[in-house]
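Please build the complex by placing chain Z on the supplied structure of chain W, with the hints as guidance.
There are 2 protein chains.
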Amino acid sequence: MSKPITSGDDAPLSLDLSPTATGPFGFGRIPVAKVWPVIEAGAYPVKAVVGELFPIGAKVFREGHDAVNASVILTSPEGVETRVDMQPVGPPGLDAWQGWVRPDAEGAWTFRVEGWSDPWGTWHHNAEAKLAAGMDLELVCLEGRDLLERTAALADEAGDPVEASILRATAQLLIPQRKAPDLLEVANGAGLAEAMRTHGPRDLVTPTADFPLWVDRKRALFSSWYEFFPRSQGASRDEATGHWTSGTFDSSHERLEAAAAMGFDVIYLPPIHPIGNAFKKGKNNTLDATEDDPGSPWAIGSAEGGHDAIHPDLGDWAAFDRFVARAGELNVEVALDFALQASPDHPWVSSHPEWFTTRIDGTIAYAENPPKKYQDIYPINFDNDPVGIYHEVLRLFKVWMSHGVRIFRIDNPHTKPVEFWRWIIERLRETDPDVLFLAEAFTKPEMMAALGKVGFHQSYTYFTWRTTKFELTEYAVELANDMAAYYRPNFFVNTPDINPFHLQSGNPAIFGIRAILAATLSPTWGVYSGFEFFEHEVLAPGREEYLNSEKYEYRPRDYNAEPNLNLLFGTLNSIRRAHPALQQLRQLHFHHASHDGVIAYSKRDGDDVVIVICSLDPDNLVESDVWLDLGALGVTGADSVLLRDELTGASFTWGERNFVRLTPSTPAHILHVLTAP
Amino acid sequence: MSKPITSGDDAPLSLDLSPTATGPFGFGRIPVAKVWPVIEAGAYPVKAVVGELFPIGAKVFREGHDAVNASVILTSPEGVETRVDMQPVGPPGLDAWQGWVRPDAEGAWTFRVEGWSDPWGTWHHNAEAKLAAGMDLELVCLEGRDLLERTAALADEAGDPVEASILRATAQLLIPQRKAPDLLEVANGAGLAEAMRTHGPRDLVTPTADFPLWVDRKRALFSSWYEFFPRSQGASRDEATGHWTSGTFDSSHERLEAAAAMGFDVIYLPPIHPIGNAFKKGKNNTLDATEDDPGSPWAIGSAEGGHDAIHPDLGDWAAFDRFVARAGELNVEVALDFALQASPDHPWVSSHPEWFTTRIDGTIAYAENPPKKYQDIYPINFDNDPVGIYHEVLRLFKVWMSHGVRIFRIDNPHTKPVEFWRWIIERLRETDPDVLFLAEAFTKPEMMAALGKVGFHQSYTYFTWRTTKFELTEYAVELANDMAAYYRPNFFVNTPDINPFHLQSGNPAIFGIRAILAATLSPTWGVYSGFEFFEHEVLAPGREEYLNSEKYEYRPRDYNAEPNLNLLFGTLNSIRRAHPALQQLRQLHFHHASHDGVIAYSKRDGDDVVIVICSLDPDNLVESDVWLDLGALGVTGADSVLLRDELTGASFTWGERNFVRLTPSTPAHILHVLTAP
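Protein sequence lines, in the order shown, are assigned to chains W and Z. Numbering follows my numbering, in which position 450 of the first sequence is assigned residue number 450; successive positions increment by one, without gaps. Remember, my numbering sits 1000 above the position in the second sequence when you count from 1.
None of these hints come from the bench; they were simulated from the model. Take every hint as true, because none was put in to throw you off.
Dumping the calculated BS3-like pairs for lysine-lysine here, alpha-carbon to alpha-carbon at most 27 Å:
1. Lys-1372/Z with Lys-1283/Z
2. Lys-283/W with Lys-551/W
3. Lys-444/W with Lys-1034/Z
4. Lys-372/W with Lys-551/W
5. Lys-34/W with Lys-1444/Z
6. Lys-373/W with Lys-283/W
7. Lys-34/W with Lys-1034/Z
8. Lys-179/W with Lys-1373/Z
Computed from a predicted model, the values in this text were never measured in an experiment.
Isolated chain W (complex conformation) (with noise of 0.2 Å):
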């Protein structure tokens, strides 16, 4: 429809019929409400990864009775239109409309949704009323021709003249003398369905505004991370002397072999900065540190240098350069911690002190949660010199990305502006756009989701928290669902911050459950290491606080003691990574398990589906009925399917109504579908 119209060139009436007469949101012709997913009015982009399928909808309906119809059209970036039909979902009275895309490539794309009048759903369903009841059929015969041959002219334009002939013929069987049955099969036809859902007129197309969507690179949603400290790996202490003498890069190669072979692909390091001196923290987050301590790698900053220095004990440039090579081969990539934050010897606090809150008694502000005091720690002021601090840090993501890191875990983003991250990821998409952002963010929703919608490309979640079959689902659902537009999930069992409750029994039947449901909910996982071998010590009971935390201390580990989950994380990330189902996020469905200590679901992506059956019980033996939801697997004309359990091989075939027995050594089904036997 153009704008404006006017009723010829002698009249002095117009009107604005444009959809956007009232603005990008505003209805046009035929309405289209409702558009889903977008973030924030379109402010932010809704993400996917390339290859990614994900469902857009919208509300279209119209006046009348005439059919209304809808497509989706993306537009890559190089600008190329794709139309995907949508289709109707849900009651009829709710007028909502789907369809699925899936892009291709990487970059700033678009959609938007289009409604449209469909004259071939007018005729047809005046057809079938009509013939059906022997009525008007010289005018049916007479309007089917015609939007037949109109149909034939548009098949032309697209150059298919095989189908324009085609209809063209078709269009001759509507003959008023033949009896209504005999028309309504023509009618009715099966190849005329698709030839009208091709070549069919829209009219009255009807545009909303173009949203954006943007597509990261697979690794931004599918990924399976390991993290260690470099010092621990090969540090060691003299006995004799009681000094230590740090783990390095080099001596953090073995570690990263091994994190390879169990098929980890981020190696994910906490800071590697010089540590400041003044406040030092000691064993276990005390405050009389000795000499021999090394103090928290969060203390960023000293005479050595600030966040764009390595600290000495583990090596050099060339060092760091040829860790990160090593990964390269491995096909890993090696994640660096982002804590912007500095210890009170950081260069910075004598060159930029506006970079720090100056009190009014002339000292500079700590950070501190009254009546709590971090006094190793000067947050940064953001609004004394923004364009000095924002241009800062971005420099200094350069320096680490020109050392070929494309991954960063952001510490405690939630304690800066979001509008800073905002500037910052945005400059990275224009020159960088593989570098990615994890957000450890454990902080109120609104936060976490701000974070997520302006680009945060990862972020850390309640996982950890939530344990009963009925907060999982609910938070795995809400994941996949209304929140994935904007947040992709990364589910940690454990961090050198969090020592969960549910594991500090030790009993390692918690620590398998806990990580298959982690690398099957979420298309990306993590493992801080000492999980593989149990570790539990609490600081104190009531807290969830590691015993001789790994944050203020030396801990190099025996990686081939016994029993550990070396096997079982090898095992997991094989089978993620055969199973396109477990590398995507949006397509969950929960099937239901009579017992409360037994989850069901089930994942798909195209022809690749896997149901997980999981027991939340380390200490007994449950038994379950689970209920398959077979339309749910994409099974139709079969109510059996064929099951091939990844983690041990064993095959079954299953029905609506299943019987399982999970037990703390095998706590879980993680089966294939394989076909409808």
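This is chain Z only, laid out in the frame that chain W set:
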């Protein structure tokens, strides 16, 4: 925050940190999300009427530990800004804020939310924590003095020197040598809190976009409708010949006066235009009409004229003007039906065939819903000549407006393009903002909503089909909350088209119950005449149509016949006029009644609070406990309230739990909350 920010004249770096850096919906320095009510991202204005109190909400949050705060800025049509404080509401973890506004003039307002950094909140929180711990007294006092003196300067600027003096004096009380509890007392002073609320600094103020708010005259929200057919008023049949003499505008004055006496303030007339003869409908919608059948008023247009003409049987323009003038004397408005469709005899059919759809066989398309045909009605085609038909319809409205009609009941708006109504209503808002449209759409929810969003001032509802406590509660809650910003309900108890199942018993009690529910649940309600005599004969079992419908024949009535509901109507409308609580939509609260056949709710506007307890059972005595939520009534510090029953004049003292006995003859209490006793 200005835009752009640069780091000095010699610096090449700059940032765009304005709140609109990512468009009007992006987060700024202090994020504000999910502002409500906002309709289609601001494409259409939120609705209110003059003096209406309603909440504006948002999620407001920020990084780190400093305090956040928020305001609503309301901008009048003249551009005058008013700041309204917001308060946190709901669980603190969810970051929800809310402020109540009450616009006081008609026209195009806007509102925005501003999130801001709150130095007073930050200092006060720190002072409480630190003083309680006896920590940092020196610093707390220094920072407090500085803040109070900064605020005193702001008070001076705001022309409040008294408050400025008090603030400066209070600052002098913050002496670090004092005991911590004494300092805490200063920090917690109520006068200081109020002074800081009024004059305290607001840092990093971050506005959202300005969202549109359209304020109508009060009758758009609060009105009482009475519908009758003028042709029936004083109509008479010559028993000898069987010929009818139509009622006229002049013979309708009596009914107009009676309706006004019952407290109705809108008199709605079905179409008063010439009726076509082609395919004219006979009694009970039959096809064999005789000359004595008057035809359906909705089959508009004949040789005597179309939508801008008056049916000669009803009188001439002078008679119409007399009718409207008499209404004006009675403080009643006349609402006309506007049914945009044509009889085959309508003048447009020959003068503007392009405003209809011509079929491929050359005939003009009549209305149909195959296999049903409505050959007496030609629907309008809005796409052949939008400029012509849009402007012609606008002209028609103006014809009737020039004769004093300022309210139109729009027949079947959902069979015309939503975009068409948007255009018409926008045009009328420009020139005649007092003109009101009631949408007669009984269709799917999205279309009902869309018509409200593009500007219909009132809408018919599903009330007619909501009968159980669950259904009524769920629907009323939806209307009073999510929908209230764009959808003003008009609860008609019946219409010429709808003789609902629950009335078909003819039991007078259910007629009374439905009137009480309609008149108290919704600020606007309506009655189609005949209801007061319990007319209920049904066309056929299982149908919701009246037998001998007035749509197709004359129905003169004896309006003084007993029994009737005339007195109840008068009482209900008088109670509605006395109570602002019943004149508003948004503050509705349901209370628990133990009996499923008893519904209990309260409405509130400022100090005016009304509780309604109504039986839903017209056949039986019902006894129930009613649990009052005293907080929802605004009662604090008392555990009982004094109530006056506005239906009977009886007084009660009620506490939390109360016993009621309702009968078919006394089915309800309408209780004015007088005071806590």
